[in-house]
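Student: Generate coordinates for the entire structure from the input sequences, incorporating the hints supplied.
Residues per chain are reported as follows:
Number of protein chains: 2
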Amino acid sequence: MTYQRVAFIGLGLIASSMVHAMRRAGLAASTAGTARSPETRAIVREMALLDTVCDTAAEAVAGADLVVLCVPVGAMEAVAREIGPHLAQGATVTDVGSVKGAVIDAVAPHLPEGVHFIPGHPLAGTEHSGPRAGFAELFDNRWCILTPPEDCDAQALERLVAFWRSMGANVDMMDAPHHDLVLAVTSHTPHLIAYTMVGVADDLRRVTDSEVIKYSAAGFRDFTRIAASDPTMWRDVFLTNREATLEILGRFTEELFALQRAIRQGDGALLHAYFTRTRAIRRGIIDAGQDTDAPDFGRVRH
Amino acid sequence: MTYQRVAFIGLGLIASSMVHAMRRAGLAASTAGTARSPETRAIVREMALLDTVCDTAAEAVAGADLVVLCVPVGAMEAVAREIGPHLAQGATVTDVGSVKGAVIDAVAPHLPEGVHFIPGHPLAGTEHSGPRAGFAELFDNRWCILTPPEDCDAQALERLVAFWRSMGANVDMMDAPHHDLVLAVTSHTPHLIAYTMVGVADDLRRVTDSEVIKYSAAGFRDFTRIAASDPTMWRDVFLTNREATLEILGRFTEELFALQRAIRQGDGALLHAYFTRTRAIRRGIIDAGQDTDAPDFGRVRH
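In order, the protein sequence lines correspond to chains A and B. Residue 109 in numbering that gives the first Met the number 0 sits at position 110 of the first sequence, and the numbers go up by one each step. Residue 138 in numbering that gives the first Met the number 0 sits at position 139 of the second sequence, and the numbers go up by one each step.
Quick caveat, the hints were computed from the structure, so don't treat them as lab data. Just so you know, not all the hints are guaranteed correct.
Listed next, with one range per pair, are the computed distances between beta-carbon atoms [as the list claims (entries may be wrong)]: (1) A:A24 to B:M172: 55 to 61 Å; (2) B:R260 to A:A107: 29 to 35 Å; (3) B:T252 to A:A107: 43 to 49 Å; (4) A:R44 to B:G267: 28 to 34 Å; (5) A:R23 to B:L269: 17 to 23 Å; (6) B:T275 to A:A24: 32 to 38 Å.
No residue lacks a Cβ here, since even glycine has one placed at the ideal position from N, Cα and C.
Tutor: Shown next, in the form of structure tokens:
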């Protein structure tokens with residue numbers, strides 16, 4: 000069931016974590032890969048992360064029975080165009096992009112007959128980027144969502160599901176538009192809001208010197224973590240999941256204005272009821288094993 | 000320099016952490032306190048947290064040379080009115096409220112001559128509430144802001160500063176309006192935004208079943224922590240720091256609309272520049288020792 004040769008296009012946090020997780024699981028597949036930047040390729044060679052580091056994506060995919068596209072969503076089309084003619088018959092191509100509709104539109108037209116395209120998205124990551132940021136436990140008990148086409152080859156799908164499970168992930172399947180809406184709620188809009196809040200504070204920092212940094216433990220610092228994520232990746236997410244993000248942003252500002260109005264009018268009952276309701280969802284997340292119950296995320300002290 | 004008898008009015012996370020931190024520092028002061036709810040008083044008696052648990056605030060402050068008001072901001076006036084006639088001459092009264100202007104207006108008129116009122120705010124906390132949530136390390140390397148009046152007694156101030164430092168905190172001083180503006184940026188507005196985002200997701204949860212919870216690790220879960228904070232405390236914060244919060248919220252929505260417009264217009268350059276700028280502030284917070292550099296806040300992995 001396992002793959003013989005896995006090729007990674009793009010060698011950042013996700014690809015490197017996948018390699019570590021494969022090793023931990025004792026998967027014997029040989030690994031190959033490439034990154035656009037010569038610096039990243041040099042680092043990966045130095046780390047001895049892969050069996051083969053290639054200078055081009057075309058070389059990397061040659062002979063691979065699994066190809067994993069780990070580049071920002073906006074770079075998917077160029078990669079697909081480059082690798083299309085070099086893919087092995089029967090190979091599976093998947094990706095780890097945070098948006099699925101746009102990736103399907105960008106990639107599918109460039110893949111030849113006889114290659115199985117099964118888009119994917121592991122809901123895991125940290126605010127750190129690059130091949131040195133990867134670690135084997137990244138996917139443990141996290142969800143990987145696959146959005147297979149309706150006519151997807153059953154055996155190819157089963158194999159990819161087993162592959163993700165062996166790396167510690169749970170696997171769910173849904174269609175691409177549903178994925179993009181759910182992720183607009185749980186990921187894309189929260190990131191945009193965090194970026195905005197940090198941007199506002201950064202503007203004020205010029206007025207109030209370093210106070211915004213000094214006094215960040217009162218809540219603000221929680222926002223700065225996700226606002227430290229990779230800028231290119233997130234630019235591409237917002238440009239390619241535009242409709243769903245704008246839809247959820249519309250709901251967000253509607254709610255925010257309702258709370259703002261309650262503050263202006265001194266409506267304490269509305270505020271108290273709202274803040275009580277939101278407590279329950281935290282409990283649900285902890286019960287589902289998707290976050291720690293330790294105070295302050297269990298931050299290390301001192 | 001140390002106090003003989005410290006009285007706590009309100010026995011939640013902050014008061015109980017102060018008692019633990021006092022013990023750790025070997026402060027010999029006797030402790031007394033009260034809480035409005037009989038259940039809380041019973042828990043504190045069972046924990047043997049204080050030397051004396053009283054049924055009323057008036058009893059608790061009798062003979063105390065330091066009184067710490069640890070109730071929600073909206074409850075400060077009633078407490079001050081009750082304890083005013085029972086305060087010892089030369090005693091210091093301080094508080095731990097998240098808003099300072101409103102607390103000064105509520106408390107100062109009820110304190111007799113010869114009592115030193117030095118408002119304070121330790122910038123520390125977790126999403127957990129109540130006396131059992133306290134721990135000795137809560138204030139370590141966190142900032143406690145004092146907003147003493149201009150004619151503040153120098154010796155009383157020095158003593159309170161030493162007290163906070165002995166509990167692990169750094170101490171800063173500023174005037175109350177400046178405190179309320181800075182905290183609107185670093186704490187109050189971030190909390191309101193987190194509550195809003197969690198509220199939006201909670202609405203959608205009814206549509207999408209448990210997906211919002213299941214897939215929360217993609218960013219959303221970071222918001223749910225601060226949105227699980229005490230509803231009464233936060234209602235009072237927004238009602239009493241109304242002007243500064245509305246001012247910062249106005250800047251926030253202005254920025255959010257600019258980013259929303261960039262998404263709608265496909266302005267990737269603007270988004271990329273914005274997301275790059277916000278990365279630097281995270282680095283500043285880590286360098287200042289106000290957060291951990293461990294990925295994902297160092298969340299415990301499975």
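Student: What hint numbers does the structure not satisfy?
Tutor: 3 and 5
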